[in-house]
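Number of protein chains: 2
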Amino acid sequence: MAILGIDIGGTKTIVGVYADGTLRKKTRVGYDPSRPPLDYLNAILDAARRVLAEAGIPVPKTVGIGCGGPLDRRNGCVVAAPNLPGWDNLPLTAIFAKEFNAPAYLDNDATAAALGELTFGAGRGIENFVYFTVSTGIGGGIVIGGTIYRGSGDNAAEFGHHKIEIDGPPCTCGDRGCLESLASGKSIARRAREAVLELSSDNRPSWADDLDGVTAELIAKEAARGEPLASRVWRESMTYLGIGVSNVISILNPELVIIGGGVAKAGDLMFEPVRETVCQRTMRPLADNVRIVPAALGDDVGVMGAVALAMDEELSAK
Amino acid sequence: MAILGIDIGGTKTIVGVYADGTLRKKTRVGYDPSRPPLDYLNAILDAARRVLAEAGIPVPKTVGIGCGGPLDRRNGCVVAAPNLPGWDNLPLTAIFAKEFNAPAYLDNDATAAALGELTFGAGRGIENFVYFTVSTGIGGGIVIGGTIYRGSGDNAAEFGHHKIEIDGPPCTCGDRGCLESLASGKSIARRAREAVLELSSDNRPSWADDLDGVTAELIAKEAARGEPLASRVWRESMTYLGIGVSNVISILNPELVIIGGGVAKAGDLMFEPVRETVCQRTMRPLADNVRIVPAALGDDVGVMGAVALAMDEELSAK
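If you read the sequences in order, they're chains A and B. So the first sequence is numbered by the numbering used here: it starts at 1 and just counts up by one. So the second sequence is numbered by the numbering used here: it starts at 1 and just counts up by one.
Rather than coming from a laboratory, the hints here were simulated on the basis of the structure. We put the beta carbon where it would ideally sit given N, CA and C, even for glycine. It cannot be assumed that every hint is accurate.
Some chain B residues well away from chain A (every beta-carbon gap over 10 Å; in silico) [stated by the list, open to error]: (1) Met-1; (2) Trp-87; (3) Ile-95; (4) Gly-151; (5) Glu-198; (6) Glu-255.
If the Cβ cut is set under 7 Å, some of the chain B residues that face chain A in the computed set are [as the list claims (entries may be wrong)]: (7) Asn-155; (8) Cys-173; (9) Arg-291; (10) Ile-292.
Okay, the calculated beta carbon distance ranges per label pair [stated by the list, open to error]: (11) Ser-201(A) / Arg-235(B): 50 to 60 Å; (12) Pro-169(A) / Asp-20(B): 36 to 46 Å; (13) Asp-20(B) / Met-1(A): 55 to 65 Å.
Using the sequences provided together with the hints, build the complete structure.
Printed below as a string of C-alpha cells:
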C-alpha cells in the first residue's frame, strides 16, 4: 500500500514514499533556473525512483502530485505556472503514471497541503477550516463539511490574489494590491529592500549590506533580535497577512485557520501579530469563534499533502 | 400549505403570504426611528395578521423571518442589530411562533435572500453561487453543493465586512476599510457628500443643494444623466464593489454571482462597471468561469427568501 508523494515548488521539490502509515523516505530536488526546464522534471523522476528503491518498493499503488497553479487538475496538466517556466501544458500525471505504472493525481499544492492537514494534521475531525500557505507566494485550501472544496472550476481558495489594497503594489498575477503582493516571502523581501533604499547609505542596517541577498527569513531573524527597520517591515507584513486571514474568516467563518509554508517557520513571531490583527479587525462573533494554528505537519505538509491527495482521489474513484 | 414570510430591515419590513406556489399578498411596514423600538415589532405583527386575513388563511404552516445580523439563529434571537436599536436579545421566533401558532425560523436577511434565489430565482439548479445584497449595508449568502453554507458559527458570508483598503474609512462594524464602508448605499451617499464639500460652493452641482437629502439612488440617477461629480463618485463606488465581488470570486470560485438589494436597482449602470472590474482584476480562469447577474426575484427577494428559509428549515427538520 505504498504511495509516492511529490510536492513540486518553484525553488525545490520534495519527493517522499509513504507506506505502513508513515513517511518512510523523502528527498529534496533543488530547482536550477539556469538549466533547461525539463532537467528539473527528470531530476524529480530520478529522485522518485531512488526513494522507492531505498524504501524497497518496486511499484507504488498510486502517485499524488502537488504543484503551483494554475493547473488543469482533471487532465493532470500544468497550465501556466509562473514559477515553472517551460512547463506550460506539461501532462504531469500521464508522465508519472507511465513511469511508475500506477494512477497519478495532480492538484494545486495548497489544496494538497490542506488535504494533508485534514488527513494527518491539525485539521483532523474539523468540519470547516481553511489552510494558508505563506512562502514565496501565498496559496490556500478550503475544507467544508469535512471535505476539500475546490469551487466550480477547481480554482477556489486563491487567498493570495484577493485584494487588500485597491491600488497596492504590482503582483505576480498581473494585478496589484493582492495579499501576495504585500505579505508573501518574496514581497516581504521586496518591501524590506524598498525600505532600505529610502534611507541614506550611512543609516542603513548591516543586514542591508547585500541587498540582493535579503530574504523574508533574514528579515524575520533581524526582527526577532529587535533591529528597528526589519522589525517595522516585519510588523507591517504581519498586519497585511492578518488582514488577509481576517477577510477569509469574514467570508467563510471557519472554526480553524491553519498556516504553513516557509514564512510560517517564524513561529510566534508570525502567529502572535497575525492573531492580534485578526482579533482587532474582525467582527466579534467571527473572531471569537476561530483558532489560528501552525500546520501540524510542519515541513512535511507539502509531501504529506500529495500523499493525502492520492488517498483522497483513490477513495473518490471507488 | 401557507407560509408567512417576513423580511425585516432597518428602514422597512416586507410581510408576505406564500400559498399555492405564489406570493399571494404582501405589504410594507415603514420604520420610524422616532417611535419606541417595539412599536415597529407591533406594526409588523399587525401587518402579518392583516395579510393572512386578506389571503383567507387562518393559520400559516410556518413562519420564516429574515433580519439583519448578528443573530442567534439557533435560538431565534436578534443579538445586536446596529440598524434595529432596542431590539437586542429580542426572541423573534418565540414571539412569532406564539402569535401565529406555527413554527418560526430566523436567519440573516442576506442568507435568506440567497435561499430565495436558490429556491425560486437565478440560483435554481446551481451548485456553487454567492449572493450579494447591496443596499444600506452590504451582506451576503453562500451556496455550496446546492445548499446554503452558514459557516461554523452561522456567520459566514459577511462580504460587507472584509477589508479592501487596509486604512479605509470607518465602518458601521467599528473597523475601517470594509467593503461596506466604501460601496454600500449609505457609503455612496457619504462619499458623494464628501466630494461635494471639496468643491467651492459655486462649483457644486445642483443635486447637492440639499446635502442631507443625497442618497445612492440620487447619485445613480445623476450619474445616468452624465453629471460629472455624481458620475465620478458612482464609478469609484462600482470599482470598490467590483473589487469586493472579485475577492469573493478568488476565494470561492463560484459559477454565479447574484446581486440584489436597493443599489442593484440601478441595473446596467451597476452591473456593467462591476463586471468590467471583475474582468480586469481577477485571475483569468476564475473570471472566465463566472456570470454576474441581478436577483431574479427583484424587490421580492427578501420576502421570498424568508419563505424559502421556512421551507428549507421544515425540510431539514424532517
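Evaluation of the provided hints:
no. : hint                                : verdict
1   : Met-1                               : holds (30 Å)
2   : Trp-87                              : holds (17 Å)
3   : Ile-95                              : holds (22 Å)
4   : Gly-151                             : violated (3 Å)
5   : Glu-198                             : holds (19 Å)
6   : Glu-255                             : violated (4 Å)
7   : Asn-155                             : holds (5 Å)
8   : Cys-173                             : holds (5 Å)
9   : Arg-291                             : violated (11 Å)
10  : Ile-292                             : violated (14 Å)
11  : Ser-201(A) / Arg-235(B): 50 to 60 Å : violated (44 Å)
12  : Pro-169(A) / Asp-20(B): 36 to 46 Å  : violated (58 Å)
13  : Asp-20(B) / Met-1(A): 55 to 65 Å    : holds (58 Å)
Comparing the model with each earlier hint shows violations of hints 4, 6, 9, 10, 11 and 12; every other hint is respected.
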